[in-house]
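*Asks:* Below are the chains, spelled out letter by letter.
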Amino acid sequence: MISKNTSKKPVGVIGAGSFGTAIANILAEKSDVLLYVRDKEKAKEISSSRISSRQHLEENINITSYIEDIGNQCEVIFPIVPSANFRQMIKSLAPSLRPYHILIHGTKGLDLNIPEGIVLTKENPLSRKHVRTMSEVILEETSVLRVGCLAGPNLAKEIEERQPAATVVASHFEEVIDIGQKLLKNDRFMVYGSNDLIGIEFCGVLKNIIAIGSGAVSGMGLGENTRSLLISRGMVEMIHIGNALGGNTKAFIGLAGVGDLIATCTSKLSRNFTVGFRLAQGESIDQIKASMEEVAEGINTIEIIRELAESLNIRVPITETLHKIIHGKMTVAESHTYFMKFPFRAEIDFI
Amino acid sequence: MKPLIRKRRTKTKYKPILKNANTWPVMQMAKKRKEFVQLVVEESYDNLLNLKRGKSLKEELEMTIFREKQRVKTNPWKVDPVDDYSFWEKMSEDLAQVENLKEADKDIALKNIMVKIVERYSNEIAGHFNPSHYNVTRTLVTIGFGRLLNAVRVKGPWSVFSNQLDLDDKIHITGKVDELRKLAKMGTVVMVPTHYSNLDSVLIGWVIQFLGLPPFIYGAGLNLFNLKIFSYFMNSVGAYKVDRRKKNALYLETLKAYSTIAIREGCHSLFFPGGTRSRSGKIEKVLKLGLLGTAIEAQRQVFQSEDSDQNKVFIVPVAINYHFVLEAPSLINDYLKRKGQQRYYEENDEFTTSYKISKFLVKFFTKGSDISVSIGDALDVLGNNVDSKGNSLDKNGQIIDIKDYFKSNGEITENHQREQEYNRILGKKIVEEFHKHSRVFSSHMVAYVGFRMLGRINKHLDLYGLLRLQDDDLIINYDAFKAQFIVILEALKELNAQKQVGMADHLFSLTVDEIIDHGLKNLGMYHAMLPMVKTKKGDIEVQNMNLLYFYHNKLIGYDLEKYF
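Protein chains in written order, with full-length UniProt numbering: chain X, 1 to 351; chain U, 1 to 564.
Since the hints were made in silico from the structure, they are not lab data. Everything numeric in this text was worked out from a predicted model, so none of it was measured. A portion of the hints provided could be inaccurate.
As the list claims (entries may be wrong) - With a cut-off of at most 25 angstroms between alpha-carbon atoms, the simulated PhoX-like pairs for lysine-lysine come out as follows:
(1) U:K493 with X:K129
(2) U:K395 with X:K129
(3) U:K459 with X:K122
(4) U:K459 with X:K182
(5) X:K122 with U:K562
(6) U:K499 with X:K129
(7) U:K407 with X:K30
(8) U:K429 with X:K129
(9) X:K9 with U:K407
(10) X:K129 with U:K55
(11) U:K185 with U:K13
(12) X:K129 with U:K13
(13) U:K429 with X:K91
(14) U:K395 with X:K91
(15) U:K407 with X:K185
(16) U:K403 with X:K9
(17) U:K185 with X:K129
(18) X:K8 with U:K562
(19) U:K493 with X:K122
(20) U:K428 with X:K91
(21) U:K312 with X:K129
(22) U:K407 with X:K129
(23) U:K428 with X:K8
(24) U:K403 with X:K91
(25) U:K55 with U:K69
(26) U:K90 with U:K246
(27) X:K91 with U:K407
(28) U:K176 with U:K19
Just need the whole structure built from these sequences, with the hints factored in.
*Replies:* Below is the structure:
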């Protein structure tokens, strides 16, 4: 199915953030890569310095700031940009996309899609139909059908240091999984496949909430018992909401679920962790946002998931609490006591 | 005074798009029946060899032969050939002999058995299209139905021979008719209608010829061929036979190969993608993807061929709407039984004698009020919209080349898993189109509002509790009913403005009270007991909850439940 000449055309990567750059470098080990950088100045700078998001770029990575180059020159494309810019980026890419393109995204966030003129009310609350995963955005905006996503414990810094790691390529198409594996796999980077695209996408999205909570635990100076409690409760919360939104439990107990959750919740390298940490230290969310170089997807996700859970009638105590903290309705210390009193009946009630 | 007659509406008469019957693709196919069957055998043979189901060929054959022998013994039909048992007995013996052969010869022997079985299946499936029979049938259906209607509408014994009213006064064809005619000239059309009644096949057959389209081929249940008269008609209109008793891989592959080749060769086809009739009365949500997949496969094969004159396959969803479905009571009972007790459903055949069929047709046409057939927007095999020139359009209205969907690294490749996914996507799109093109009638609305209101009043009851409500609880105050009816009517009009659903003209031209009366009069008008009536006091009384539930289901899927 996959002929040997895949490498003839460069593989496209959209977004030169830390994860985008790390993926471009992995891809460059096997294929030529065309990396899209939106900002022309920044593109020039990266081209000359060969450094992007503090990572050295491999030689066979070319930089472009024309999005149509990606569509025209590449057949396989990895879009890795923040969820807030994702739809706009896909819209500008769409005219140069053809049905033969394969898109494997690496964005762990959600897209809110409320049609103009529609006001959300109690009778018409935020529901699944207003929320899109990134693969759904691609399907909505383009004629491409062969879509997949990347998920897993992929801390860019460790990948850059060439430490052993793994990822999951999820898609409804075996072909997409095969191509993802073929392009990314090497002796220190394993690639698993999954056909639960929606489930795997939600793993990546939901774990960011728990990571903020985990950061808060550290920020408060609490120890590992507390963190384990948070991670395992967080896992349950992820599964409940994930199931309600169309994912299977299986996805959540694999590498992209529990694996990624542990990595993001325990690493100080994670942006979401940092947000929680600084919240617990007493900074406000606006201060934190203003001083961060890249977006922490978790903040946006908390807002969406809280509203969704309300309309779906699902209990999401961690998300709920973090939402209150972010909006100044609860202090981190108060949340701590609140949490210990929360009436959980059964530990696991989803298998 | 002369009897008053309704003024005839002037309707478009459609000229046949292909005047010469010899140019009909189905004719070409009938002429080369032998070669065609041979092709089906060869291609299903190849497909079967490539099919990996975790079973060896020997195991596959053993199972097929075993099940076929069982079928012959336990469930024989009149239409089955006389040598049915002896054939399978022979296959069984041949298979047993294989064990005694040398290792090297075993494989060939097994393949030979497979070919014999596939040959038998292909011959059974293939239709016997006959143009003169087709013309006879067509004339009979058109004249017969027209006259039946006349007999009711224009009184007097001679009205049977009157030309004052035609069938098309009663059946409204709406939607993209001209596009359909254009596309049928350009490529191969696969029509996929919703399915509520046994009448649908006849109705669609009539619509096809009325629109001037050449005959379509379609799969008809083998059980219909049990009756001599039906067998004559079915064969003559290009039906091929589908035997639901045979569920083995060899049969299913042969059936798929038949359909794929026919579409590939340009025969317009028709499937009811819901499989059987909708027993719940809901618009089909889960489609049977097997035959639909053959359209995708045929399209890919067309692209793979070197023929410069390439045929494009167009999928045309069609929504059929009735005020009432004759078989509704038995359909909904089957549905409730199956849902409620998880019982396996046995095919219940209402069409067992010619007398029953005639009775059915007479009642349907004499009692039935309006019927509408909405021709949906044409799609390509990926579910993209198609313009009137046959171009596939992307979401922004740009023309796309659908060949690209079958390409990897610039070449068209065969990838079954990919096509299965495409099939799922197409199925989803067809369901959406069904909802969009389905036309709401007054009868559906009164049933929906009535049933939902009872549900709201009796919140504590589940569906089965609701269906068992006692007489006293089955009366709804008229004013409350009307108020709720207006809410739903407005919601539907809004959906209609957004092109999310079709609405019958009477919903716009009548007052609310008139619509309600019209709905009550037409709702299940043939059934022994009307599902819902007005009491002497003027309130609404439900007389048959099961039927009310059936007709109410037509409006499921539009998110109207939130208004209750």
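*Asks:* Each hint needs a verdict: does it hold in this structure or not?
*Replies:* For each hint, the structure was consulted:
{"no.": "1", "hint": "U:K493 with X:K129", "result": "holds (21 angstroms)"}
{"no.": "2", "hint": "U:K395 with X:K129", "result": "holds (18 angstroms)"}
{"no.": "3", "hint": "U:K459 with X:K122", "result": "holds (20 angstroms)"}
{"no.": "4", "hint": "U:K459 with X:K182", "result": "violated (56 angstroms)"}
{"no.": "5", "hint": "X:K122 with U:K562", "result": "holds (11 angstroms)"}
{"no.": "6", "hint": "U:K499 with X:K129", "result": "holds (18 angstroms)"}
{"no.": "7", "hint": "U:K407 with X:K30", "result": "holds (22 angstroms)"}
{"no.": "8", "hint": "U:K429 with X:K129", "result": "holds (16 angstroms)"}
{"no.": "9", "hint": "X:K9 with U:K407", "result": "holds (15 angstroms)"}
{"no.": "10", "hint": "X:K129 with U:K55", "result": "violated (42 angstroms)"}
{"no.": "11", "hint": "U:K185 with U:K13", "result": "holds (18 angstroms)"}
{"no.": "12", "hint": "X:K129 with U:K13", "result": "violated (44 angstroms)"}
{"no.": "13", "hint": "U:K429 with X:K91", "result": "holds (22 angstroms)"}
{"no.": "14", "hint": "U:K395 with X:K91", "result": "holds (11 angstroms)"}
{"no.": "15", "hint": "U:K407 with X:K185", "result": "holds (23 angstroms)"}
{"no.": "16", "hint": "U:K403 with X:K9", "result": "holds (20 angstroms)"}
{"no.": "17", "hint": "U:K185 with X:K129", "result": "violated (39 angstroms)"}
{"no.": "18", "hint": "X:K8 with U:K562", "result": "violated (54 angstroms)"}
{"no.": "19", "hint": "U:K493 with X:K122", "result": "holds (23 angstroms)"}
{"no.": "20", "hint": "U:K428 with X:K91", "result": "holds (24 angstroms)"}
{"no.": "21", "hint": "U:K312 with X:K129", "result": "violated (34 angstroms)"}
{"no.": "22", "hint": "U:K407 with X:K129", "result": "violated (32 angstroms)"}
{"no.": "23", "hint": "U:K428 with X:K8", "result": "violated (36 angstroms)"}
{"no.": "24", "hint": "U:K403 with X:K91", "result": "holds (23 angstroms)"}
{"no.": "25", "hint": "U:K55 with U:K69", "result": "holds (20 angstroms)"}
{"no.": "26", "hint": "U:K90 with U:K246", "result": "holds (18 angstroms)"}
{"no.": "27", "hint": "X:K91 with U:K407", "result": "holds (23 angstroms)"}
{"no.": "28", "hint": "U:K176 with U:K19", "result": "holds (22 angstroms)"}
Checked against the numbered hints above, the structure breaks hints 4, 10, 12, 17, 18, 21, 22, 23 and satisfies the rest.
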